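Based on the provided sequences and hints, a complete structural model is requested.
For what it's worth, my numbering labels the leading residue of the sequence shown as 1, then goes sequentially.
Hints in this document: simulated from the structure, not taken from any laboratory.
Hints may contain errors.
In silico SDA-like links for lysine to any residue, alpha-carbon gap of 20 Å or less [as the list claims (entries may be wrong)]:
| hint | residue 1 | residue 2 |
| --- | --- | --- |
| 1 | Lys-211 | Glu-190 |
| 2 | Lys-211 | Phe-51 |
| 3 | Lys-211 | Asp-239 |
| 4 | Lys-211 | Pro-183 |
| 5 | Lys-211 | Gly-230 |
| 6 | Lys-211 | Arg-228 |
| 7 | Lys-211 | Gly-91 |
| 8 | Lys-211 | Pro-150 |
| 9 | Lys-211 | Arg-175 |
| 10 | Lys-211 | Gly-240 |
| 11 | Lys-211 | Ala-234 |
| 12 | Lys-211 | Gly-199 |
| 13 | Lys-211 | Ala-236 |
| 14 | Lys-211 | Glu-232 |
These numbers come from a predicted model, not from an experiment.
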Amino acid sequence: MGAWPAVDGEPECLARGRRHAPVRRRDLRLARGALVTLPRVVVVDLDDTLFPERDYVRSGFAAVDDEVRRAFGVAGFGAAAWELFESGLRGRIIDAALGRLGLPADAATVASLVDCYRGHRPSIGLYPDVAPAMRSVGARARAAIISDGPLAAQRRKVEALALQAWFDPILLTDRWGRDYWKPHERAFREIEAVTGASGAACAYLGDNPQKDFVAPNRLGWRTVRVRRPGGEHASATADGGAEVECTSLADAVRWLGFEVEEVR
Numbered sequence: 001m002g003a004w005p006a007v008d009g010e011p012e013c014l015a016r017g018r019r020h021a022p023v024r025r026r027d028l029r030l031a032r033g034a035l036v037t038l039p040r041v042v043v044v045d046l047d048d049t050l051f052p053e054r055d056y057v058r059s060g061f062a063a064v065d066d067e068v069r070r071a072f073g074v075a076g077f078g079a080a081a082w083e084l085f086e087s088g089l090r091g092r093i094i095d096a097a098l099g100r101l102g103l104p105a106d107a108a109t110v111a112s113l114v115d116c117y118r119g120h121r122p123s124i125g126l127y128p129d130v131a132p133a134m135r136s137v138g139a140r141a142r143a144a145i146i147s148d149g150p151l152a153a154q155r156r157k158v159e160a161l162a163l164q165a166w167f168d169p170i171l172l173t174d175r176w177g178r179d180y181w182k183p184h185e186r187a188f189r190e191i192e193a194v195t196g197a198s199g200a201a202c203a204y205l206g207d208n209p210q211k212d213f214v215a216p217n218r219l220g221w222r223t224v225r226v227r228r229p230g231g232e233h234a235s236a237t238a239d240g241g242a243e244v245e246c247t248s249l250a251d252a253v254r255w256l257g258f259e260v261e262e263v264r
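Structure, rendered in structure tokens:
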């Protein structure tokens with residue numbers, strides 16, 4: 001889908017099913033009066049919504065590179081792994097990179113390096129629009145996170161980004177096991193139970209149309225896809241996605257009715 005420039009500082013967002021014109025905030029307020037009422041709870045995804053996931057991947061490969069140098073005295077793992085990632089390989093990159101270096105890729109070695117990757121303290125930072133967007137949300141609503149992924153890795157990301165300052169609760173679905181990753185409803189119902197809000201009083205902002213919006217749509221939440229250029233799922237499509245797509249978190253929050261200062 002193409003993108004259209006925002007006009008008069010309004011959010012650059014596209015409503016589901018409309019492919020030929022940008023949807024402006026004033027249009028949405030006229031067409032859907034419910035949007036005049038701010039949501040009480042704004043829940044966001046983590047990877048590629050609050051920070052670039054590829055930065056975490058690069059950081060993890062650097063940590064494993066250090067471990068490979070220590071264990072085998074061989075350099076080049078990080079570069080080999082990154083080249084494989086950039087080529088489009090997903091899954092078993094550690095095995096493949098070890099193979100390129102002529103190193104053993106037995107189960108024990110790979111498992112140890114996977115633990116290193118997931119357990120490292122990542123060198124990552126938030127997208128520039130996150131701070132102003134969350135300041136605006138935090139002044140008038142409650143902010144929370146629902147995120148999938150291996151628990152150790154997701155906890156490290158949360159710690160590195162100091163997300164506890166803005167979000168409560170932070171629900172990492174792997175705490176219940178992979179069966180409860182999105183699109184399972186459990187985390188969304190947990191948000192409703194903790195906050196006392198439900199339906200259109202809640203909003204979910206995420207990046208993956210194949211799983212992020214299934215449960216919140218079913219529960220009557222507002223849903224916004226944050227489709228950042230270069231994101232891991234930027235080209236993904238799926239039926240029954242979010243109500244609207246935006247290219248930044250700031251515009252997604254503006255679409256919900258919050259005022260967000262311009263990112264400088």
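Here's how the hints hold up against the structure:
1. With a C-alpha separation of about 17 Å, the suggested pair Lys-211 and Glu-190 falls inside the 20 Å cut-off, and the hint holds.
2. With a C-alpha separation of about 19 Å, the suggested pairing of Lys-211 with Phe-51 holds against the 20 Å cut-off.
3. With a CA separation close to 10 Å, the supplied pair Lys-211 and Asp-239 stays within the 20 Å bound.
4. For the suggested pair Lys-211 and Pro-183, the alpha carbons sit about 5 Å apart, so the restraint of at most 20 Å is met.
5. Taking the CA atoms of Lys-211 and Gly-230, the gap is about 19 Å. The hint holds against a cut of 20 Å.
6. A threshold of 20 Å between alpha carbons decides the hint, and for Lys-211 with Arg-228 the separation of about 17 Å falls inside it, so the pair holds.
7. About 19 Å separates the Cα atoms of Lys-211 and Gly-91, which keeps this hinted pair within 20 Å; it holds.
8. Restraint check for Lys-211 and Pro-150: satisfied, since their Cα atoms lie roughly 16 Å apart, inside the 20 Å limit.
9. The straight-line distance between the Cα atoms of Lys-211 and Arg-175 is roughly 18 Å, inside the 20 Å bound, and the hint therefore holds.
10. Under the criterion of a C-alpha separation no larger than 20 Å, the hint pairing Lys-211 with Gly-240 is consistent with the structure, at around 10 Å.
11. Restraint check: the Cα-Cα separation between Lys-211 and Ala-234 comes to about 13 Å, which is no more than 20 Å; the hinted pair holds.
12. Between Lys-211 and Gly-199, the direct Cα distance comes to roughly 18 Å. Compliance with the 20 Å bound is thereby established for this hinted pair.
13. Distance hint between Lys-211 and Ala-236 is fulfilled; the C-alpha atoms sit about 11 Å from each other, no more than 20 Å.
14. For a cut-off of 20 Å, the pair hint linking Lys-211 to Glu-232 stands: about 14 Å separates their Cα positions.
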